[in-house]
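A.B. asks: Same order as they appear, the protein sequences are chains Z and B.
If you're matching positions, the first sequence starts at 1 in this note's numbering and goes up one per residue.
If you're matching positions, the second sequence starts at 1 in this note's numbering and goes up one per residue.
Don't read these hints as lab results, they were simulated from the structure.
Heads up, a few of these hints could be off.
Any copy will do: because identical chains look the same in the list, a pair fits if it lies in one copy or spans two.
As the list claims (entries may be wrong) - With a straight-line cut-off of 27 Å between C-alpha atoms, the simulated DSS-like cross-links for lysine-lysine are:
1. K237 x K225
2. K158 x K312
3. K222 x K198
4. K305 x K222
5. K237 x K222
6. K158 x K237
7. K158 x K222
8. K198 x K225
9. K198 x K112
10. K312 x K222
11. K305 x K198
12. K237 x K312
13. K225 x K112
14. K158 x K305
15. K312 x K112
16. K237 x K198
17. K198 x K312
18. K112 x K237
19. K158 x K198
20. K158 x K225
21. K305 x K112
The structure presented is a predicted model; accordingly, all values stated were derived computationally and were not measured.
Spelled out, the chains give:
Protein chains: 2
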Amino acid sequence: MSVENPYYSHEFHGDYDVVSIGRLDLEEGGSIPDCRLAVTTWGELNEARDNAILITTWYSGTHQIWRDVYVGPEHALNPDLFFIVAINHVGNGLSTSPHNAPDEIAMSRFPKVRISDDIVAQERLLREHFGIEQLQLVVGGSMGAQQTYEWAVRFPDKVLRAAPIAGTAQNTPHDFLFTEALNAQIWYDPGWNDGEYKSNADVVDGLTRHAHLWAVMGFSTKFWKQELWRALEFDPKDAFLQGFLEPYFTVMDPNDLLAMAWKWQRGDVARHTGGDLAAALGRITAKTFVMPTDEDMFFPVRDCKTEQEHIKGSRLRVINDVLGHLALFGIAPTYMPQIDQHLGELLATDV
Amino acid sequence: MSVENPYYSHEFHGDYDVVSIGRLDLEEGGSIPDCRLAVTTWGELNEARDNAILITTWYSGTHQIWRDVYVGPEHALNPDLFFIVAINHVGNGLSTSPHNAPDEIAMSRFPKVRISDDIVAQERLLREHFGIEQLQLVVGGSMGAQQTYEWAVRFPDKVLRAAPIAGTAQNTPHDFLFTEALNAQIWYDPGWNDGEYKSNADVVDGLTRHAHLWAVMGFSTKFWKQELWRALEFDPKDAFLQGFLEPYFTVMDPNDLLAMAWKWQRGDVARHTGGDLAAALGRITAKTFVMPTDEDMFFPVRDCKTEQEHIKGSRLRVINDVLGHLALFGIAPTYMPQIDQHLGELLATDV
């Protein structure tokens with residue numbers, strides 16, 4: 001039985017369409033009989049169908065943060081110039097996910113889905129639904145960066161430019177452990193009941209502890225030291241947790257978070273090349289800007305730089321933001337100007 | 001009722017004495033009627049009683065790691081030259097702690113103890129038991145650094161030199177959150193039973209998850225990226241967790257860990273000066289080497305440097321170690337030479 005969850009609705013995520021791409025056979029075996037992807041677009045696809053940009057989404061995220069923060073005529077992701085498509089990844093609650101799937105694959109029965117399955121699904125959607133064969137840019141943050149890398153390695157001819165923000169092509173051992181610790185907060189809540197809860201509210205304790213781990217790792221030590229939560233109009237820091245991180249995560253579906261985490265942990269483009277990461281990254285022909293955040297606690301600049309050095313003609317563009325990984329939320333007024341500068345330059349680069 | 005725990009014994013911690021310092025009245029109210037401190041010494045106290053060095057202990061740690069790694073004739077902490085005293089802090093399992101306290105303050109009834117209470121207790125023990133009025137050096141890592149700072153601020157005339165390693169004088173908001181996440185792993189284990197378990201084995205799930213959080217924060221991202229657990233003869237990384245971190249923590253007492261964590265979270269020398277950290281650090285007359293570890297995930301160099309700049313005549317001596325905070329275990333062969341170099345220079349400095 002799937003469960004009701006009002007968070008995954010138009011009320012919280014504005015306009016989007018849910019498009020079926022049919023049966024999706026999965027790399028780990030099994031399939032999603034009727035895979036449905038939630039899609040949002042901005043701007044108009046031109047007649048040549050060659051002005052499209054793809055946005056991928058992150059762990060716990062949807063297209064909505066991109067609408068609120070990243071996309072608009074004042075930004076590099078400008079709907080007056082491009083046809084911009086945001087596709088919500090499988091498991092994020094808007095696309096097919098454990099909490100909303102048909103009974104045979106709902107909840108604890110949801111199959112294992114990889115980043116690579118997402119990219120197969122997204123390519124099919126773009127081609128069959130929109131007739132798009134090539135993308136001017138693929139851009140995404142965190143797990144969206146993992147998807148961006150998978151796109152550029154799997155479909156090099158289809159990706160002209162790539163901008164992975166705050167994420168890696170091959171997940172690190174440290175991130176695997178961090179994600180496992182996030183998962184454990186859910187697994188060890190008795191309300192989780194091996195994935196067969198009646199409502200996400202049954203798992204509110206686990207989701208709250210999960211939010212608290214994001215407080216430790218999602219921001220930087222400098223963010224806390226400088227007491228920047230005060231600038232966000234929360235004080236004391238407990239109010240920041242209770243007013244921001246806890247409500248952000250506790251409305252979400254536990255099985256959906258676990259499905260995304262499983263993908264995150266195993267993201268690895270080197271699966272295309274028998275484990276040879278340099279060879280996999282060497283396949284990329286997209287003009288690529290690798291954009292880590294300087295204060296990121298779990299996708300540190302050096303891990304992103306090591307990968308960037310294997311990508312021909314790529315550039316490392318470090319985002320300075322004391323918020324750390326969750327700079328992605330675009331809270332700091334200095335964040336979007338940096339993103340726009342780099343994406344603007346990338347989009348202006350001939351390929 | 002206290003509980004039996006064979007880990008806190010001579011079998012695991014070698015020679016030590018347990019010395020009563022009598023009743024310890026606590027800053028938060030209440031008291032420990034018969035406060036007993038576990039003490040180890042190396043070398044001989046000279047007639048003038050002026051060749052003493054004090055070692056303080058860290059969260060989950062005892063004097064034993066200092067015996068195994070830091071103290072010896074080949075080290076700066078040389079028992080041929082100094083009388084070296086290691087005092088186990090309250091709650092660490094060897095000194096008075098929730099699991100071994102008399103019934104009226106055992107387990108969930110253990111009173112709140114602050115770092116400052118520890119230093120009052122340690123000063124009394126040194127003075128009354130050994131007749132030591134002044135220390136050539138106070139040195140400790142992590143929570144031991146917190147105690148070192150408290151010593152230097154509270155008893156400036158008694159501390160000639162100070163070496164806080166990988167710790168801060170005023171705990172940071174980020175570390176409060178990290179510690180709270182560690183605590184939560186214990187609190188939400190049903191076996192914890194509000195602190196009234198029958199054996200630490202009842203809380204093995206919580207202690208295991210607690211160990212896993214140390215895997216995320218205790219080492220550095222670089223440690224994991226470089227797969228350095230292989231150099232420690234563990235492979236794959238799960239074996240490192242199961243063979244090292246899990247057995248390290250699961251033998252410990254949950255209430256003891258929580259008592260130490262409560263102290264860690266609230267360590268703050270600025271309590272002496274109405275919240276003015278600069279004024280508190282300005283009281284220090286000890287020659288001080290502040291020694292953070294470059295890859296520390298939760299006591300970053302910059303936090304330690306900010307404090308160091310308020311200490312007259314102090315020096316910042318950064319330890320390079322890819323292990324991060326748990327460099328303190330002295331696993332890397334390059335670690336102790338750095339410690340010995342800095343402590344040797346500090347001890348050779350006229351004061």
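A.B. asks: Which numbered hints are broken by the structure, listed smallest first?
C.D. replies: 3, 6, 7, 8, 11, 12, 15, 16, 17, 19, 20, 21
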